[in-house]
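Protein chains in written order, with the numbering used here: chain A, 1 to 119; chain B, 120 to 295.
Hints in this document: simulated from the structure, not taken from any laboratory. We put the beta carbon where it would ideally sit given N, CA and C, even for glycine. Certain hints may be false.
Unchecked claim - Pairwise CB distance ranges (calculated):
1. A:Val106 - B:Asp177: 18 to 24 Å
2. B:Asp150 - A:Thr86: 34 to 40 Å
3. A:Gln55 - B:Asn294: 24 to 30 Å
4. A:Leu70 - B:Ile201: 29 to 35 Å
5. B:Gly197 - A:Ser112: 36 to 42 Å
6. B:Ala285 - A:Val106: 14 to 20 Å
7. A:Glu117 - B:Asn234: 28 to 34 Å
8. B:Phe146 - A:Glu117: 27 to 33 Å
9. B:Glu139 - A:Glu103: 31 to 37 Å
10. A:Ala102 - B:Ile201: 30 to 36 Å
Stated by the list, open to error - Far from chain B by the CB rule (all over 10 Å, computed), these chain A residues:
11. Asp4
12. Asp5
13. Met32
14. Thr34
15. Arg42
16. Lys46
17. Val62
18. Gly66
19. Pro110
20. Ser112
21. Glu117
22. Arg119
What follows is the residue order along each chain.
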Amino acid sequence: MNIDDLRKIREKAEKDIQLRQNQARIRIVVGMGTSGIAAGAREVLKTFVDEISKQNLADVIVTQTGEKGLASQEPLIEIFEEGKPTVIYGNVDAEKTRRIIAEHIVNGNPVSEYVIETR
Amino acid sequence: MVTDLCDHIVDIVANSLRAEAKHIGIFVTEDFDTNRLSILIRDDGNGMDERTVRGVADPFFSTKMGKKIGLGVPLLKGTAEICNGEFNIKSFRGQGTEVSASFQLDHPDLPPLGNLKDTILVLLVSNPETDFTFRYSAGEKNFALDTKQMREPLGSVPLNHPKVIAFLRSYLEENL
């Protein structure tokens with residue numbers, strides 16, 4: 001496997017991109033400041049990355065940000081979705097992340113027991 | 120708790136991202152002859168003036184007024200000092216920042232390196248607009264990855280596309 005194999009991926013992936021027209025349906029932001037990292041945010045971010053790839057969620061992107069000012073409830077994630085309130089989840093771990101992906105990201109039902117704020 | 124050296128790397132890279140770096144270099148070297156492990160992170164972000172550079176290794180210093188104090192740099196510096204190593208930070212306004220730390224490789228207090236494969240993968244795909252150069256060497260073993268070389272074959276396909284993530288995962292598994 002080498003970098004040139006990316007050309008083959010490009011052909012397949014360009015079709016997905018035409019479908020989504022470069023518009024991500026959902027943007028997930030994981031708090032990765034010092035306290036987030038210390039609380040386990042790396043594992044949460046990794047779980048999102050793995051699941052996006054495994055389930056081929058081409059219209060979902062995950063990014064990272066610094067401190068969120070809610071350090072006691074880290075790891076924190078924010079879910080931004082066009083036309084819907086922003087949902088913030090706290091005290092997230094890998095298992096909760098998988099549930100959030102299945103119920104919220106894929107099926108559109110926020111997991112209310114993990115929600116700490118909506119905006 | 121910051122549990123492994125990858126936590127430190129992610130933490131320092133977070134500073135580079137906050138400084139709006141377009142390119143970030145991460146260099147990890149394990150030199151068994153000299154018994155040193157070294158980590159260097161270099162970015163082309165906003166950089167800092169002299170006063171800020173001096174203050175940044177101080178745990179009670181932060182430029183984010185009224186916000187939580189950033190602990191990434193003092194934590195790394197502390198780990199390097201405990202492990203008979205050295206810590207250095209160089210920065211120039213408008214040019215970027217270079218953070219380097221070294222450790223005695225067999226020091227009993229040296230935290231484990233952690234999972235570099237996962238760490239690099241996650242950094243690359245959660246910051247798809249930023250270019251990363253990553254190099255790892257340990258004795259005879261050498262690995263290098265440069266996202267700039269991936270842009271051309273990928274065309275308009277971003278680094279965070281699910282299929283590209285899958286590729287990167289296998290690529291890192293096989294080669295790193």
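Against the structure, the hints come out as follows:
no. : hint                            : in the structure
1   : A:Val106 - B:Asp177: 18 to 24 Å : violated (45 Å)
2   : B:Asp150 - A:Thr86: 34 to 40 Å  : violated (47 Å)
3   : A:Gln55 - B:Asn294: 24 to 30 Å  : holds (25 Å)
4   : A:Leu70 - B:Ile201: 29 to 35 Å  : holds (30 Å)
5   : B:Gly197 - A:Ser112: 36 to 42 Å : holds (40 Å)
6   : B:Ala285 - A:Val106: 14 to 20 Å : holds (18 Å)
7   : A:Glu117 - B:Asn234: 28 to 34 Å : holds (31 Å)
8   : B:Phe146 - A:Glu117: 27 to 33 Å : violated (39 Å)
9   : B:Glu139 - A:Glu103: 31 to 37 Å : holds (35 Å)
10  : A:Ala102 - B:Ile201: 30 to 36 Å : violated (42 Å)
11  : Asp4                            : violated (6 Å)
12  : Asp5                            : violated (7 Å)
13  : Met32                           : violated (5 Å)
14  : Thr34                           : violated (4 Å)
15  : Arg42                           : violated (6 Å)
16  : Lys46                           : violated (5 Å)
17  : Val62                           : violated (6 Å)
18  : Gly66                           : violated (5 Å)
19  : Pro110                          : holds (22 Å)
20  : Ser112                          : holds (26 Å)
21  : Glu117                          : holds (17 Å)
22  : Arg119                          : holds (19 Å)
In this structure, the earlier hints numbered 1, 2, 8, 10, 11, 12, 13, 14, 15, 16, 17, 18 are contradicted, and the remaining ones agree with it.
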